[in-house]
Amino acid sequence: MSEIRERSAGASERRAASEEQRRQAIARIGGNVSVLVVDDHPDNRDLLRRRLERLGIARVEMAVDGVEAVDMIRADSFDLVFLDVMMPNMNGYEVLERLRDENRLADLPVVMISALTEMDSVVRCIDLGAEDYLAKPFNPTLLRARLYALLEKKRLRDAVRENLRRLESDLEAARSSQLGMVPPAMDPRDGEWPVGIRALLEPARQVGGDLIDFFALGAGHCCFLLGDVSGKGPAAALFMARAWGTLRSAAPLWAERSDDESGVVAMMEAVNTRMCEANPSFEFLTLFLGVLDVATGRVVFANAGHPPPYRIRHGEAPLPLVGGMPVGIDDRVRHLSGTIDLAPGDRIVVYSDGVTEAMNTAKEFYGDDKLADVLAEVPDADPETLVAHVRRSVAEFAAGEEQSDDIAILALGWKVVE
Amino acid sequence: MQIVEEPFGSGIVVRPIGRLDSTTAPAAEQAIREAMTRSGHRLLLDMGDLDYVSSAGLRVVLAAAKQSNAASGRFLVCDLKPQVRQVFELSGFTRIISIVATRAEAEL
Chain A
1 MSEIRERSAG
11 ASERRAASEE
21 QRRQAIARIG
31 GNVSVLVVDD
41 HPDNRDLLRR
51 RLERLGIARV
61 EMAVDGVEAV
71 DMIRADSFDL
81 VFLDVMMPNM
91 NGYEVLERLR
101 DENRLADLPV
111 VMISALTEMD
121 SVVRCIDLGA
131 EDYLAKPFNP
141 TLLRARLYAL
151 LEKKRLRDAV
161 RENLRRLESD
171 LEAARSSQLG
181 MVPPAMDPRD
191 GEWPVGIRAL
201 LEPARQVGGD
211 LIDFFALGAG
221 HCCFLLGDVS
231 GKGPAAALFM
241 ARAWGTLRSA
251 APLWAERSDD
261 ESGVVAMMEA
271 VNTRMCEANP
281 SFEFLTLFLG
291 VLDVATGRVV
301 FANAGHPPPY
311 RIRHGEAPLP
321 LVGGMPVGID
331 DRVRHLSGTI
341 DLAPGDRIVV
351 YSDGVTEAMN
361 TAKEFYGDDK
371 LADVLAEVPD
381 ADPETLVAHV
391 RRSVAEFAAG
401 EEQSDDIAIL
411 ALGWKVVE
Chain B
1 MQIVEEPFGS
11 GIVVRPIGRL
21 DSTTAPAAEQ
31 AIREAMTRSG
41 HRLLLDMGDL
51 DYVSSAGLRV
61 VLAAAKQSNA
71 ASGRFLVCDL
81 KPQVRQVFEL
91 SGFTRIISIV
101 ATRAEAEL
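These protein sequence lines map, in sequence, to chains A and B. Every letter in the first sequence is one number past the one before it in the working numbering, and letter 188, counting from 1, is 188. Every letter in the second sequence is one number past the one before it in the working numbering, and letter 93, counting from 1, is 93.
No wet-lab data here; the hints were simulated from the structure. Glycine is no exception: its CB is placed at the ideal position from the N, C-alpha and C atoms. Possibly wrong hints are sitting among the right ones.
Stated by the list, open to error - Cβ-Cβ distance ranges computed for the label pairs, FRET-style: (1) Gly-400/A / Thr-94/B: 31 to 39 Å; (2) Lys-415/A / Glu-89/B: 29 to 37 Å; (3) Thr-37/B / Lys-153/A: 38 to 46 Å; (4) Glu-152/A / Ala-31/B: 35 to 43 Å.
To be verified - Listed next, the in silico DSSO-like pairs over lysine-lysine satisfying Cα-Cα at most 30 Å (straight line): (5) Lys-370/A / Lys-415/A; (6) Lys-81/B / Lys-363/A; (7) Lys-81/B / Lys-370/A; (8) Lys-153/A / Lys-136/A; (9) Lys-81/B / Lys-66/B; (10) Lys-136/A / Lys-154/A.
Stated by the list, open to error - Derived coverage of chain A by chain B (criterion: at least 3 residues anywhere in the stretch with Cβ under 8 Å from a Cβ of chain B; other residues may be distant): (11) 282 to 293; (12) 326 to 336.
I would like the entire structure built from these sequences, with the hints used as guidance.
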C-alpha cells in the first residue's frame, strides 16, 4: 500500500515537473505558435493534434496529403510542419523538394514522421532539407523535446533575421543620407564661372568616413575639400558628418578674411578646434581644403595630413600639394597654407587613401606612383573623365579583391576647354 | 595579429607584428591599452615588425599617446620602417609622437 502511494507521489511530482518545463518552454517560444500536421491517416493526425494542443500549441492545422500541405504553406505562415513520408497524390519527398525549390525551408523547420524501420527514407528527407524526424508510434517525451527545441531554434533564428533586417535598413538610410552630403556636379558657366567639378564617394561598407564637399564662397571663390576619418563604419560616419557640418558653418569666416591665406587657415583651424572637442575615441580627420579664386586661377589650400592632391598640367608630371597635421588631434596646432597658380586648362585631383591603398589579390598596394602614372595617361581629360579613369584603373588593379577602405575622388578643372 | 610584450626599463615594450590596419587595429588598441595600464603608463611601441600602418593604425598610436599623456606617463615609438615613417611624416605624427630610431635609444 505504502509502496503504491510512493510511486504515485513520484508520478505526480514528475507531472508537476514536466508541467513546469512546459510552461517555461512556452514562455521562451512565445504564444501564437502554429503547427501544420500532414498525414493521410486520420487517426495519426488526430492523435498528434491532441498531443500538440496539450503541449500548448495555440493553432494546429491539418492537411491530408502533400498537395494540400503545399497549398496551405504557400497561403499561411507556420512555425513548424510535421510531415508524413508515404501519402497519396504527393508524398513527403515531393513536398520537401517543392519547399526547397521555393526557398521556404530556411524559414520553416520540417519534422518527418516515419516508422523506425524506414531509416533510409528519413536520411533521404534530411538530405532534402528536413530538420529532424519523429518515429511512429510517437513517444510523448521525444515529441515534446523536439517540438520545443525546434520552435525555440526557429524563434531565435527569426529574431536574428529581424535584427539583421532592421540593422540593414538603418544602415541603408544612413548611407543615402551620407551620399546626400556630396553635392551634385559643378559645371562651368561661360566666362564668369569657369570651374567644373566631379566627385565620387564610395564607402567600403554601407557608411564610411570619407568626406567630399564643394561650394561657392561669395561670388568669386570656390571651396573644395576632401577628407578621410581614421576609422570606418558608423562611428567614422558620425565623425565625418560632424566635420561636414562644422566646415559648412565655418564658411562664413571667409567673408571676414584679411587675405585668402588667412581665410583658408581660419576655416581649417575652426574645424580643428571643433573636432578636438568631444572626441573621446581619438578619431581624427585628414583633410585637404582648397579655395580657388575663379577669376585668377590661384588656389590657396591647407592640407591637414591628407595624401597630397595632384595638380595636372599638360606636358608636366603631376605635382603633389603637401601639408601638415590632421584635424581633431591637437587644438593648439597652427595650420599653414600653400598656394598654387593654375593655368587655363589645369586640373586638380584630390583622393583618399582608399585609392592609393587599394589592394590586389597579391596583397600589393595600388600606390602613389601608379596613381601619378595613371593621371599622366590622360593629360587632357576633363574632371569627369579623370574621376572615371582613376576609378576604373583602381577597379582593374583590385580585380575583384574586396576593398576595405572608402574611396573618394574629386577632380576640379579651371578654364578647361571642352 | 601577433603582439609580443615584455618588460622594458621601468615599463613595458609592445611589438605588434604584421599590418596595423582597420582589421587589426581593434585588437592592437586593446592590447596596448591594457599594457599601458599594467606598465604604469610607461610604454615603448616597437614598430620594427610592422610592414604597414593605415590611418586606423595611426589612431591606435594616437590613443596610446593621449592615454599616457593624461596619466603623466611616458610613451615612445621606435624602429619605424621607411614606409611607416613616411605615413607618420605625411600625417604630421612625427611632430606629436616621441620617436626614437632603435630600441637601444629608448629610455623608460
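(request) Mind listing which of the numbered hints don't hold for this structure, in increasing order? (result) Hints that this structure does not satisfy do not exist here, as all of them hold.
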